[in-house]
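Engineer: Okay, here's what each chain looks like letter by letter:
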Amino acid sequence: MTSFSPPAPAPAPPAAPDRPHPGSLPELFLAFTVLALQGFGGVLAVVQRELVDRKRWLTDEEFIEDWAVAQIMPGPNVVNLSMMIGARYFGLRGALTALAGMLAVPLVLILLLAIVHARFADNPQVAGALRGMAAVSAGLIAAAGLKMSVALRRSPLSLPWCLAIGAAGFVLVALLRLPLAPVLLVLGGLGCVLAYRKLR
Amino acid sequence: MSAVHITLAWHDWLNLFGHYLLLSLMSLGGAISTTSEMHRFLVEQHGWLTQAQFNDSIALAQAAPGPNVLFVALMGWKVGMNAGSTAAALLGVLVTMTGILLPSTIFTYQVAQWGHRNRELRAVRAFKQGMAPVVIALLLSTAWILANSAGGSGARWPLWLLALISCLVIWRTKLHLLWVLGAGALLGALGFV
Numbered sequence: 001m002t003s004f005s006p007p008a009p010a011p012a013p014p015a016a017p018d019r020p021h022p023g024s025l026p027e028l029f030l031a032f033t034v035l036a037l038q039g040f041g042g043v044l045a046v047v048q049r050e051l052v053d054r055k056r057w058l059t060d061e062e063f064i065e066d067w068a069v070a071q072i073m074p075g076p077n078v079v080n081l082s083m084m085i086g087a088r089y090f091g092l093r094g095a096l097t098a099l100a101g102m103l104a105v106p107l108v109l110i111l112l113l114a115i116v117h118a119r120f121a122d123n124p125q126v127a128g129a130l131r132g133m134a135a136v137s138a139g140l141i142a143a144a145g146l147k148m149s150v151a152l153r154r155s156p157l158s159l160p161w162c163l164a165i166g167a168a169g170f171v172l173v174a175l176l177r178l179p180l181a182p183v184l185l186v187l188g189g190l191g192c193v194l195a196y197r198k199l200r
Numbered sequence: 001m002s003a004v005h006i007t008l009a010w011h012d013w014l015n016l017f018g019h020y021l022l023l024s025l026m027s028l029g030g031a032i033s034t035t036s037e038m039h040r041f042l043v044e045q046h047g048w049l050t051q052a053q054f055n056d057s058i059a060l061a062q063a064a065p066g067p068n069v070l071f072v073a074l075m076g077w078k079v080g081m082n083a084g085s086t087a088a089a090l091l092g093v094l095v096t097m098t099g100i101l102l103p104s105t106i107f108t109y110q111v112a113q114w115g116h117r118n119r120e121l122r123a124v125r126a127f128k129q130g131m132a133p134v135v136i137a138l139l140l141s142t143a144w145i146l147a148n149s150a151g152g153s154g155a156r157w158p159l160w161l162l163a164l165i166s167c168l169v170i171w172r173t174k175l176h177l178l179w180v181l182g183a184g185a186l187l188g189a190l191g192f193v
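Quick note, the sequences are listed as chains A and B, same order.
Under this note's numbering, the residue at position 134 of the first sequence is numbered 134, and the numbers go up by one with no gaps.
Under this note's numbering, the residue at position 192 of the second sequence is numbered 192, and the numbers go up by one with no gaps.
Read the hints as simulated data drawn from the structure, not as lab findings.
Check before you lean on any hint, since a few could be wrong.
What the hints assert, rightly or not - FRET-style restraints, in silico, Cβ to Cβ:
{"id": "1", "chain 1": "B", "residue 1": "Leu-22", "chain 2": "A", "residue 2": "His-21", "range": "34 to 44 Å"}
{"id": "2", "chain 1": "B", "residue 1": "Asp-12", "chain 2": "A", "residue 2": "Ser-24", "range": "22 to 32 Å"}
{"id": "3", "chain 1": "A", "residue 1": "Asp-122", "chain 2": "B", "residue 2": "Arg-119", "range": "23 to 33 Å"}
{"id": "4", "chain 1": "A", "residue 1": "Leu-185", "chain 2": "B", "residue 2": "Gly-47", "range": "30 to 40 Å"}
{"id": "5", "chain 1": "B", "residue 1": "Leu-178", "chain 2": "A", "residue 2": "Arg-200", "range": "21 to 31 Å"}
{"id": "6", "chain 1": "A", "residue 1": "Val-108", "chain 2": "B", "residue 2": "Asn-15", "range": "47 to 57 Å"}
{"id": "7", "chain 1": "A", "residue 1": "Val-186", "chain 2": "B", "residue 2": "Val-4", "range": "35 to 45 Å"}
{"id": "8", "chain 1": "A", "residue 1": "Ala-118", "chain 2": "B", "residue 2": "Leu-22", "range": "23 to 33 Å"}
{"id": "9", "chain 1": "B", "residue 1": "Leu-25", "chain 2": "A", "residue 2": "Glu-27", "range": "25 to 35 Å"}
{"id": "10", "chain 1": "A", "residue 1": "Arg-200", "chain 2": "B", "residue 2": "Leu-25", "range": "42 to 52 Å"}
{"id": "11", "chain 1": "B", "residue 1": "Gly-182", "chain 2": "A", "residue 2": "Arg-19", "range": "47 to 57 Å"}
{"id": "12", "chain 1": "A", "residue 1": "Gly-91", "chain 2": "B", "residue 2": "Gly-191", "range": "47 to 57 Å"}
{"id": "13", "chain 1": "B", "residue 1": "Gln-45", "chain 2": "A", "residue 2": "Glu-27", "range": "40 to 50 Å"}
{"id": "14", "chain 1": "B", "residue 1": "Trp-10", "chain 2": "A", "residue 2": "Ala-118", "range": "22 to 32 Å"}
Stated by the list, open to error - Straight-line C-alpha distance at most 27 Å; calculated DSSO-like pairs for lysine-lysine:
{"id": "15", "chain 1": "A", "residue 1": "Lys-147", "chain 2": "A", "residue 2": "Lys-55"}
{"id": "16", "chain 1": "A", "residue 1": "Lys-55", "chain 2": "B", "residue 2": "Lys-174"}
{"id": "17", "chain 1": "A", "residue 1": "Lys-147", "chain 2": "A", "residue 2": "Lys-198"}
{"id": "18", "chain 1": "A", "residue 1": "Lys-147", "chain 2": "B", "residue 2": "Lys-174"}
These numbers come from a predicted model, not from an experiment.
From the three backbone atoms N, C-alpha and C, an ideal C-beta is built for every residue, glycine too.
With the rest of the complex left out, here is chain B (with noise of 0.2 Å):
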């Protein structure tokens, strides 16, 4: 293990979770779009995460059930086990989540509650479809830097044929997603990514 033992005060905590609460509102395109940022807090800047780690949260998050979101969490706990218990792990995640999710959530609330009162508007039509394209073009951006940052000593090219293999059976057929996800995994446990 890889850890690291840092010890927090409560003015980091406080920095954390106005960090994050930053993070929040700048979170457009969702939570994934901070990771640059929250890197360079949490790795360059204060040193609490280790890069391994960090890389750990994503690609667990990624992987595991639930909203991707949750890496957040996962970083959070990792913070609090650095510094050396797991009740310093559940604040860590109780300042990391709520750091995040509280602002957007607020301000998207009521946003969206009244844009759907005045649905009917030009200008909110005009803004539901007109950011369209850029919306599928921040998609596939995502896509590509996830596929960009699957570490990894050996050849880049088996993961990037893994992703634009999986992308077009799931694009294309009705395969559930388990059985591709599973696939993944089993090739990269094999060795063969």
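One chain only, chain A, in its complex shape (with noise of 0.2 Å):
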């Protein structure tokens, strides 16, 4: 018996270990609209939640890169960060599935809801019920953007450069109003030659 010993199990590459990844085209479907379909008021928090923290198909240093790419690119964000995502498993047909799935029911929905808020749009209480969630939205986006903050931590920008970008652009932005596009390549700009010179 010692003559046969059964064949050594691979080792797993340290840098690609066996992760969950979605199995099809209609399971990457189905969770990116089930995932749309729980973001009132935004997905990005759901999409963290949903694909990092329970199904584990991107881990949080994967999450935040895509995430950057995603906000820098035109378009929107999570329509990017959902293409991105479909095209890791599946290149460009995961990434047009990922795109229905973020879409398509969703929209459905929205159409309906339209219909439905018409006749009603004049009524108070309603119009005070989408005040209330529209401040709730506010303080949800907000709490994003406090979350993926901690990431700021393995920033290769020291803490004084990461402050300082981020409150001049929220000044900019917020409070000036400025067109977005020359703030973000001054801003990105001076945090990208910053980092490039501490990388190598």
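Need the complex rebuilt from these two chains, each delivered in its own frame; the hints are there to steer you.
Structural biologist: See below:
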């Protein structure tokens, strides 16, 4: 019996451990539909919780990096993010499937809501409820920003630089209402140059 | 209902489509960042939407499940409804959504694929990590602008307080978002905010 030994399991490459991943395009479509339908007032927080914390399709670092790219590129952030995640597993087909999953059912739903809303638009309770939900949405988006700021601890930029760039961005965009593109170009460019000099 | 009645010729539809194609490439940081330009185009310049319809589109998309970009579909829908028919409304959705998505998704897909293949490059890593502070600042700015534009005739401080408390609850606890949104809707419906 000693002459026979089962083949040793192939050692998992350290960079890519055997992680959960979507098995098929329908699974991917369904995952993004379910995710989109949970996202009231924005889907980002839900994407993080579902795909990173629960399904573990992505690590925290992968999520933050993909999110940074999705945010910088033109186009709706969550749409960009879903395309990039879909493309990781199934290439272009995956990107289109994730995109469709994110948009198809919510689009039908929101049009139905619009039809219902048109009948009750002048109702003060409905208007008040929408106002309350808008305030909560603002809080939700701010909370997502605060959660992501944890990632700055691993940034190649020093904390004072991160704070200075972040504060400048907030003042220019939120308070002075400057157009986004030049702000991104100048402050983002500054961050990239600083990071480039620190990395090797 | 405070709707307007408009007539849209085929070149108006083309104009709308072309404008959203352009907006798509300008929508760095998300479609929501181009809302001021949409407002200028749809409400001020052409009068295709009323101010109330414009605000409702954003608020409804915020309140409904799904990506916020669907507010664009709602604007297209309402422009079409103002033009007089459900068919026009569906055309409006098609025109605005295709316009806002097509250029940006093609561009982003190509760039993201390139970046993924070259993710070990120093320049790519520097880009992703160097952008992080301003990306976070943009999120906080969006929250600020949204809280500021949540309409209403009463005092503003209850809205800010509600936004602040929701932020702390969502940031610090695992409570499901639906509870917080439901609480906000209830407080609004009862007239507290």
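Engineer: Now tell me, hint by hint, if it's right for this structure.
Structural biologist: Do the hints match the structure? See the list:
1. Restraint check, Leu-22/B to His-21/A: a C-beta distance of roughly 37 Å satisfies the suggested window 34 to 44 Å.
2. Taking 22 to 32 Å as the suggested C-beta distance range, the pair Asp-12/B and Ser-24/A does not conform, at roughly 43 Å.
3. Between Asp-122/A and Arg-119/B the beta carbons are some 53 Å apart, a value that contradicts the proposed interval 23 to 33 Å.
4. Judged by the Cβ atoms, the range 30 to 40 Å given for Leu-185/A and Gly-47/B holds: they are separated by roughly 33 Å.
5. Distance hint for Leu-178/B and Arg-200/A: a CB-CB separation of about 46 Å, inconsistent with the stated range 21 to 31 Å.
6. At roughly 27 Å, the beta carbons of Val-108/A and Asn-15/B sit outside the given window of 47 to 57 Å.
7. At roughly 40 Å, the beta-carbon separation of Val-186/A and Val-4/B lies within the given 35 to 45 Å, and the hint holds.
8. Between Ala-118/A and Leu-22/B the beta carbons are some 29 Å apart, a value that agrees with the proposed interval 23 to 33 Å.
9. The given range of 25 to 35 Å is respected by Leu-25/B and Glu-27/A, whose C-beta atoms sit roughly 32 Å from each other.
10. Checking the proposed 42 to 52 Å range against Arg-200/A and Leu-25/B shows it is violated: the Cβ atoms sit about 34 Å from each other.
11. Taking the beta carbon of each, Gly-182/B and Arg-19/A are about 35 Å apart, not inside 47 to 57 Å as hinted.
12. For Gly-91/A paired with Gly-191/B, a C-beta distance near 52 Å keeps the hint of 47 to 57 Å intact.
13. Our hint of 40 to 50 Å for Gln-45/B and Glu-27/A holds, since their Cβ atoms are close to 45 Å apart.
14. A beta carbon spacing of about 26 Å between Trp-10/B and Ala-118/A agrees with the range 22 to 32 Å that was offered as a hint.
15. A hinted pair counts as satisfied when its Cα atoms are at most 27 Å apart, and Lys-147/A with Lys-55/A qualifies at roughly 19 Å.
16. Pair hint Lys-55/A plus Lys-174/B holds up; C-alpha atoms about 17 Å apart against a cutoff of 27 Å.
17. The hinted pair formed by Lys-147/A and Lys-198/A meets the criterion: a straight-line CA distance of about 24 Å does not exceed 27 Å.
18. Between the alpha carbons of Lys-147/A and Lys-174/B the distance comes to roughly 12 Å, so the proposed pair stays at or under 27 Å and holds.
Comparing the model with each numbered hint stated earlier shows that hints 2, 3, 5, 6, 10, 11 do not hold.
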